[in-house]
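In case you want the letters, here they are:
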Amino acid sequence: MGRKLLLEHINEPGIQTFDVYRQKGGYRAVEKALKSMSPDDVVEEVKKSGLRGRGGAGFPTGMKWSFLAKPEGVSRYLVCNGDESEPGTFKDRYLMTHIPHALIEGMIVSSYALGANTSYIYVRGEMMPQIRILERAIAETKAAGLLGKNILGTGYDLEIYVQPGGGAYICGEETALLESLEGKRGNPRIKPPFPAVAGLYGCPTVVNNVESIASVVPIINDGGEEYAKIGIERSTGTKLISAGGNVKNPGVYEIELGVPVEEFIYSDEYCGGIANGKRLKALVAGGSSVPILPANLICKTINGDARLMTYESLADGGFQTGTMMGSGGFIVFDEDQCIVRNTWNFTRFYHHESCGQCSPCREGTGWMEKVLHKIEHGKGSIADIDLLWDIQRKIEGNTICPLGDAAAWPVAAAIRHFRDEFEWHVLHPGESQSRNYGLAHYADPVKPVAQ
Amino acid sequence: MLSIQENQPVEFSAALLEQFGEIVARYPEGQQKSALLPILHLVQAEYGWLSTDSMDKVASYLHIQAIEVYEVATFYTMYFLKPQGKYMLEVCRTGPCCLVGAEKIMQHIENRLGVKEGEITADGLFSWRGVECMAACGYGPVLQIGPEYTFYENLTEKSVDELIDTLRDKAKQQA
Amino acid sequence: MAEEIVKFKVTIDGIPVEVAPGTTILNAARQIGGDIVPPAMCYYSKLEGTGGKCRTCLVKVSKGSEKDPRPMPKLVASCRTTVMDGMEVQNITSPDVVEARKGVVEMLLINHPLDCPVCDQAGECKLQDLGYEHGDEGTRYEFERRTFERIDIGDKIQLHMNRCILCYRCVFVANQLTNEREHGVLNRGDHSEISTFIHKALNHDFVGNVIDVCPVGALTDKTFRFKNRVWFTKPVDAHRDCPTCAGKVTLWYKGEEVLRVTGRKDEYGEVEEFICNTCRFETKSTSDWTLEEPTPVDHESVIGANHYLNFNPPAVIHEDKKLQLANEEQLARTERLK
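Chains as they are written, first to last, in our numbering: chain A, 12 to 462; chain B, 5 to 179; chain C, 103 to 440.
The calculated BS3-like cross-link candidates involving lysine-lysine, where the alpha carbons are at most 30 Å apart (straight line), are:
(1) A/Lys390 to C/Lys204
(2) C/Lys367 to C/Lys302
(3) C/Lys176 to A/Lys58
(4) B/Lys86 to C/Lys302
(5) C/Lys169 to A/Lys59
(6) A/Lys195 to B/Lys90
(7) A/Lys385 to C/Lys204
(8) C/Lys109 to A/Lys202
(9) C/Lys148 to C/Lys204
(10) B/Lys108 to A/Lys259
(11) C/Lys165 to A/Lys202
(12) B/Lys61 to A/Lys195
(13) A/Lys58 to C/Lys169
(14) C/Lys176 to A/Lys81
(15) C/Lys148 to A/Lys195
(16) A/Lys81 to C/Lys169
(17) A/Lys202 to C/Lys204
(18) C/Lys302 to B/Lys61
(19) C/Lys176 to A/Lys381
(20) A/Lys385 to B/Lys120
(21) C/Lys169 to A/Lys202
(22) C/Lys148 to A/Lys202
(23) A/Lys259 to B/Lys162
(24) A/Lys381 to B/Lys120
(25) B/Lys108 to A/Lys289
(26) C/Lys109 to A/Lys81
(27) C/Lys176 to C/Lys162
(28) B/Lys61 to B/Lys37
(29) A/Lys381 to C/Lys204
(30) A/Lys195 to C/Lys302
(31) A/Lys195 to C/Lys176
(32) B/Lys108 to A/Lys390
(33) B/Lys37 to A/Lys81
(34) A/Lys385 to B/Lys108
(35) A/Lys58 to A/Lys160
(36) A/Lys458 to A/Lys289
(37) C/Lys176 to A/Lys202
(38) A/Lys153 to B/Lys37
In case anyone wonders, no lab produced these hints; they're calculated from the structure. In this text the structure is predicted, and so the values were computed from the model without any measurement.
So that you can see chain A by itself, here it is in the shape it has in the complex (with noise of 0.2 Å):
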C-alpha cells in the first residue's frame, strides 16, 4: 500500500464535517504556518517539495509563488482552479465532494503564504452540489475561528468564496478563469502579462489547480523534504489518479509517484485490470489532450524499461513513442473500442469548447471535427487522414492559449500509432460501419529504437 496524504481518512464517517475533519489532525497546517512560519518559510517549503502543479502542465508550484509581484499596497489573490472538464479527469470532484476541508485547509495555508487576503475558488457551474458542500465547509471553519478577521489571534484576515463557472472547458486555462471570474465571456488572455503581474482585477494572482493547494497540507505538516522523499527523481508527492473508461474497478485513486503503469492497470489494489476480461487496446494516460498510447508503449518505454507513473517516464519517447502526465486523467480502452470514433469524439469536443477567439482553433478545431467525422461514418479517403495531419500541424504552437495543442495532440498521436485503423475505416467503409477494428497488432512487442 502506498502512503496516502489527501485521501488517508477518505473512509471516515463524517470527514466531510469540520469537527471529525478537525479531530483527525485537520487544521494542524493552518496552525503550523500562521502561528510560526512566515509567508515565506511556507513558500520555501513549498519549494523544497518540488510540488508540481496537479492540473496538468506540472509547473512547480513553489516557483510559480515566487514569481508573485508584491507592489505595496495592491492586493494580491489566490485563485483555486477547480473547473475540472478535461475529458477523463475527475478527481477535484471526488476531493471537493469528499474532504472538502483538504483544500478549505490548504487555501488557508497557501493564501497566507501568498499575502492574499481575499481568495477565490472557482467551480465549474456543473458541480453545484461540490459547490454547495465547499460553502459548508466554509461556514463552518469560518464559525470555528479558523477563517475570517484575525485567524488564531495572529492578525492574519482572509475571506474564501466560492464562484461558480457557467460551462465552458476554457475556463480551466487561468487567464479563461480569470475573465470569467471577473464576469465576462472565457476568453483566454493574451500574454504577457501573465497572472502573477496582472492576474484578476489586474492584481498580481495565483491560480492553482485543487489538488495542487490541497497537497499544501501534508508539505507543511510534514515539512518539504519529507514530501519530496516520496516519489522519483522530479515526480515529488502523491498524485491522483482518475482511471476511466475499460477498468474493472474505476475511482480516484491516490497513489506515490513512481508506481509502474503496470501495476496501476492490473493490480487490485488500484484498477484491477481491464473489465469484462478483454484486453488492453490504448490508453490516454493524462485527460483527452495527451497523446494516446498503443498497447505496446504504456506498460513499457520504446526500450523496454518499465513504464512508471511519474512525469518523467511517462513523457519517455517524447511525443514520437511517449506520452504525458497532464491531468492524471486515465482512459482506458478495451480491444472493443474504435481509435477513430474516440478521436472523432474528443475532437468534437475541442469544436464544442473552443472559445473563438482566434483563427486556427476557431476554425481548425471544426474543420478536424468535419474530416473525421467523414473518416469515422466511411466516406473518408485516404488523403483525408493526410489532410487531418496537416490541419493539426497547422493548429499546434500557433494559438493564443494551450487549448490549440490540446486539440491537436489527440489527432497527431491517433494518427501517429493507428494509421492502420484510419487506412481501414477508408478502404472498408462498409465493414468499419458494422465492426471494430479490433486490437489487430496494437500489442505485439515493438522493436527498439537505435540509440
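Starting from the known structure of chain A, fit chains B and C onto it as the hints suggest.
Below, chains B and C without anything else, positioned relative to chain A:
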C-alpha cells in the same frame, strides 16, 4: 420554478434580490460584474431560462451594459436562452462515457421521451441534450438535472426509466 | 542636460532598427517597412487592447535579447510582443513562419463566402490582400460554409456576418469611442458572431467608424452599397469645420459625385483620425468640404496600381534555397504579373 413566456417582463423577488446582494458583496468595490455568472444561475433557477428582459434587468442591477450580459449568457453552455422542459436531462457524450455506453443511453432517452435532442415533451416536463465532459468519467454513463445539478451515475436503460418515472410522479404531486 | 533616450536594437529578417522600449515587434517592423512587415488583421494601433487574435502576424524570435539570448519556444504574435534589446526576429526569413501564416490564411478563408464579386469591400479588403500575398492557391475545405443572416444595424451600416473574421476591432470601437456599446461577440467557437442580440440600431455619433476599422466586408456603409467598385472611384482628401470630429476625411468621387466618405487611411489601412457619422453619412456634396489634394495612394490594395506586382524581400531570400522554397508563391507572383 416560475414559468415565463418569451417577451414576458419579469420582476425579481425580494428574496432573489437579497441573494444578489450577498453575491455582489464577495468582490471588491467596483467589481460587481464578477457577480454576473452566479446571478445568471440564480435567475435561471427561478425562471427556468434566461429571457431577454431578465438579462436586461440583471444588467441594470449590476450597472453594466445589456450586451455584456448577452455576451456572457451566449458563451457559457449552462445558460438556456429559450424555455426548456421542467426537467432537462443532460447526458455526458464525451469519450470516456462513450467507452461505457453513453451513446446507447442517449438513444434510449430519445426513444423513451419521444423527442429529439433539444426538444420538449408535449407535457412540458422533459427535454434532454448531450453535453460535454462533466468530470465524472469513472461513474459513467452519467446525467445531471438542473437547477441543483443533481447527478445520476452508472446509468443503465433501467435506471433511466426509473428516473423518468420518478420525475413524472414528482411533477404530478407538485401539480 | 537632456536625459539620454534609451533605444532597443532589434533585428528583423536581418535588418536592424532602433526603437523605443515598449515597442512591439510589429511596430518595429513597420518602422523598417517593406515586405518584412508582418500582416495584421486584428491589431489596430489606434484601438487599445486590439491584436493577438488573428495570428497572421506570427513571427519567430530566434534570439530573445542580448541578456537572455534563448529563442522563444513558439511563434509569437508580433503585434503583442514587445521588443527586447538585442532581439532577433525572423519573419519571411523563417520557413516555419511562412508556413504557419499560410495555415492561418487558410483557416480564415475556409468559412469565408468568397463573395468578392458582390462585396463592396473588394479592392480594399485586407483579407483579399492577405490571401493573395500569404495564402496558398486553391482550397482543401469541402464542407458547407457557415452562414448567418445579413442584418442592418441601423439604417447606415450593414453587417454581413458571413464575411467576418472576428477581429473584434468593431467591439473596441464601440468601447473606446462611444459611451454605450450595443453590439458585441455572441456565442462561442466557430458559432461566434458579431451581433446586437436583439434587433437594435447603432446610432452613436462615432459608431460609423466600425466600417473603417473592419478589415473585411462584414461592416459596410449602406449609403455606398453597390454604388461602385472602389477602384473606379477617385479618393480626394478634404476637410470641413466639424463641431464633433476633426473633420479630416477622404472623399471618394465618381465623376462629380461624392459616393462615400471615409477616414483617411495610412498604408496599413488604419485611419489617421476617427470621423463622426455626420461627416461620413450626411455631408456628401463637394460644397460641404474644402478639398485638399488627391489622396496619395501607394501601398493600399488594388487601388494603388501595381501594388501586387512587387515582392522585394531581403537579399538573403534569393540566396538561400530553403527560404526561396518557403516564399515560392510570393516570388512567383512577381513573375506571373509581369
